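Asks: What follows is the residue order along each chain.
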Amino acid sequence: MTRSNCRYESRFEDGVLEFRLLGEIDHHSAVNVRTEMDEEICRLRPSKVILELCGIEFMDSSGLGLIMGRYSLMQRLGGTLTLRNPNERIVKIFELAGLGRMIRIENDSKEVKK
Amino acid sequence: MNGNSQIMKKKRGGEIVNEMKLRLPSLSVNEGMARAAVSAFCAQCDPPMSELADIKCAVSEAVTNCIVHGYRDTVGDIYITVKIISDDDGGKSARIEIKDNGCGIPDVEQARMPLYTTDAQNERSGMGFTVMESFCDKVKVRSRCGKGTTVVLLKRLCRR
Chain L
1 MTRSNCRYES RFEDGVLEFR LLGEIDHHSA VNVRTEMDEE ICRLRPSKVI LELCGIEFMD
61 SSGLGLIMGR YSLMQRLGGT LTLRNPNERI VKIFELAGLG RMIRIENDSK EVKK
Chain D
1001 MNGNSQIMKK KRGGEIVNEM KLRLPSLSVN EGMARAAVSA FCAQCDPPMS ELADIKCAVS
1061 EAVTNCIVHG YRDTVGDIYI TVKIISDDDG GKSARIEIKD NGCGIPDVEQ ARMPLYTTDA
1121 QNERSGMGFT VMESFCDKVK VRSRCGKGTT VVLLKRLCRR
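Protein chains in written order, with the numbering used here: chain L, 1 to 114; chain D, 1001 to 1160.
Chain D with its partners taken away, still in its complex shape (with noise of 0.2 angstroms):
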């Protein structure tokens, strides 16, 4: 983890003042972790806690779709990056790319519809991109069957 806070690079649309990558296994243990870690990273920031919290839940889904469906039969590697950046306005935003090599989604736009799953058998709500869209101020998905997803997170953090 890199916890260098100066400037790292300029970037279109803000500059990067901090950036965190992890690598986890598909493993359904790793799911706490995984947005625990992100939570935390964040809270440099000292945004709300209500914010933290939403992250917290974002995150999980994103995770919980790469290890349920991305890498349904078998266990791959997430790659989750995170960057701090600088908004014009002062404030501090947080972009959360959560990222798989797995199956990839054959129709993302209908995946992203509420209550649609591929998974119903074993409980599972289909709410997962809704769950995002809603605790999240921006959510990217791009995906390519047999190569991958990867989701991507927008999150305004604080004001100043």
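Chain L extracted, bound-state conformation (with noise of 0.2 angstroms):
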């Protein structure tokens, strides 16, 4: 099994799942990390999920997949799923793909547009 090169810390409380994702999320390291989080999300069954970005220091259009992906599992659950603190370049991709607005994006517990 191949290191890789993102990670992450999670907590649980109140029916709030969060992520603190870490290092960088491409196609190699997203693989890895939506299985053990498609695992604690379905077993947690949480009424939202948050993915705390600002510990990713690189992410490509792989990491759209990982979080849409995420989204639709918490979409099926019927519960939310937010996004904390992304940083420009990963707002850009989100608007590139026509989902800036789709998202529930959160800036430093500043709600910037949903």
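For the record, the hints were derived by calculation from the structure and aren't laboratory data. Given the structure is predicted, the values throughout are model-derived calculations rather than measurements. For each residue, glycine too, the CB sits at the ideal point set by N, CA and C. Keep in mind that a hint or two might mislead.
Claimed, not checked - A few chain L positions that, by computed beta-carbon distances, are all more than 12 angstroms from chain D:
1. Y8
2. G15
3. C42
4. K48
5. L64
6. M74
As the list claims (entries may be wrong) - No more than 27 angstroms apart at the CA atoms, straight line, and that leaves these computed lysine-lysine pairs for DSSO-like:
7. K1099(D) - K1147(D)
8. K1083(D) - K1099(D)
9. K1138(D) - K1083(D)
10. K1140(D) - K92(L)
11. K92(L) - K1138(D)
12. K1021(D) - K1140(D)
Relying on the hints, combine the two individually framed chains into one complex.
Replies: Rendered as structure tokens:
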């Protein structure tokens, strides 16, 4: 098993599951991380998932797939997904895909757009 | 890697002042190294950090395409060539070529459309080419089915 350059810390409290992602999200790391995240989501059944992205140094469009896959999963489970503190580059990639208005984004606990 | 900073040869559109070639097997674990290597090579022109970040992202997309699509069920070689070119106005540009000998793209125009993907089941977003085009000045794609694909990224690095 090759080492992934992305890892996360998770915290579950009051029905809210927060994933604090760290490192780089690319095709290689997304494949590893998504399985682990899905396992936690399905086990804990949160009403809300927060993806904290301030610790992400790099993301390409594989990260889009990772995030939208978890967004779809939460929709199916009747919950919500929020991105927190994505950097400008990450927001740009979302806007290129036309998803800028679809996903909830928060910056430093201040709501930016829904 | 050739560290010779003298003018190597004249080419239409600008003189090549430095060049790097890299060959990597199409293993996903190599994606990070490929974009880091290209970015590090372009850093010699002292471009703004945002330009290097753009290059890292675009190279990552192109290399991922080789791995996920070009060599889908196999492992092959990815050839990356980076040329630093001296522009007419004294600035420098990077010409980054990412080449595979994989299955090729049947319809390049279709592949370049935003959100188009042949691998939705693996959460591919279909945004690879769109991201490359957004972060580079120009993107050229040549492909032949059964032969392979070559992607060329052009990116202005600095003024002088």
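Asks: In ascending order, which of the hints set out earlier in this document are inconsistent with the structure?
Replies: Checked against the structure, the only hint that fails is number 5, while the rest are satisfied.
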